[in-house]
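Trainee: Sequence:
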Amino acid sequence: MIPILRVAAAAACLPALLSPLAGHAAADDRQARVWAATCAACHGTDGRAQAGMTSLAGRDAGELYTLLSEFKSGVRPATVMHQHTKGYTDDELKRLANWFAAQSKN
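When the letters of the sequence shown are read in order and numbered with mature numbering (1 follows the signal peptide of the UniProt record, and there is no 0), they come out as residues -25 to -1, 1 to 81.
Hints should not be assumed to be uniformly reliable.
To be verified - Here are the simulated distance ranges between beta carbons:
(1) 65 / 5: 17 to 23 Å
(2) 49 / 81: 31 to 37 Å
(3) 67 / 16: 17 to 23 Å
(4) 51 / 27: 17 to 23 Å
(5) 5 / 49: 29 to 35 Å
(6) 3 / 54: 29 to 35 Å
(7) 38 / 13: 17 to 23 Å
(8) 25 / 65: 27 to 33 Å
(9) 66 / 26: 29 to 35 Å
Calculated directly from the structure, the hints in this document are not laboratory data.
Keep in mind that this is a model prediction, so the values were computed, not measured.
Backbone N, C-alpha and C fix where the C-beta goes; we use that ideal spot for every residue, glycine too.
Using the sequences plus the hints, can you model the full thing?
Mentor: Now the structure itself:
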């Protein structure tokens, strides 16, 4: 490959490297899906909880992100969620919220 073409090809890939969600819908964010699997014990597979627990699937992403952020900061009292959320960056919490929002409620 001609060196100038390599530079052009690398430059074309740069946005995808800088943004983990570039070119992918929230439902296709495989890393977020892996993180979401850890939520299944309480919130059900793909966020569809059984009776007695809060379902996350299909809820508004902004609302979910706000809740997760409040758990992380300690603003919202919790039994275990404040510990779970502390392990994630704000960007990762946004990706989780977007992933759950993209799941069907049923």
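Trainee: Holds or violated: the 17 to 23 Å window for the beta-carbon distance between residue 65 and residue 5?
Mentor: At 20 Å between Cβs, range holds.
Trainee: Range first: 29 to 35 Å. Now tell me if the beta carbons of residue 5 and residue 49 are that far apart.
Mentor: This hint holds: roughly 30 Å between Cβ atoms.
Trainee: Measuring from beta carbon to beta carbon, are residue 3 and residue 54 in 29 to 35 Å?
Mentor: The hint (29 to 35 Å, Cβ to Cβ) holds, given that residue 3 and residue 54 are roughly 32 Å apart.
Trainee: How does the Cβ-Cβ distance of residue 51 and residue 27 compare with 17 to 23 Å: does it lie in that range?
Mentor: With a Cβ separation near 19 Å, residue 51 and residue 27 satisfy 17 to 23 Å, so the hint holds.
Trainee: Look at the Cβ atoms of residue 25 and residue 65 and judge whether their distance stays inside 27 to 33 Å.
Mentor: 30 Å, holds
Trainee: Is the hinted range of 29 to 35 Å satisfied by the C-beta distance from residue 66 to residue 26?
Mentor: This hint holds: roughly 33 Å between Cβ atoms.
Trainee: Cβ-Cβ distance between residue 67 and residue 16: within 17 to 23 Å?
Mentor: 19 Å, holds
Trainee: Do the beta carbons of residue 49 and residue 81 sit within 31 to 37 Å of each other?
Mentor: Between residue 49 and residue 81, where Cβ atoms are some 33 Å apart, the hint holds.
Trainee: If I claimed the Cβ atoms of residue 38 and residue 13 lie 17 to 23 Å apart, would that claim hold in this structure?
Mentor: Given a distance of about 20 Å, which is inside 17 to 23 Å, the answer is holds.
Violated hints are absent here; each numbered hint is respected by the structure.
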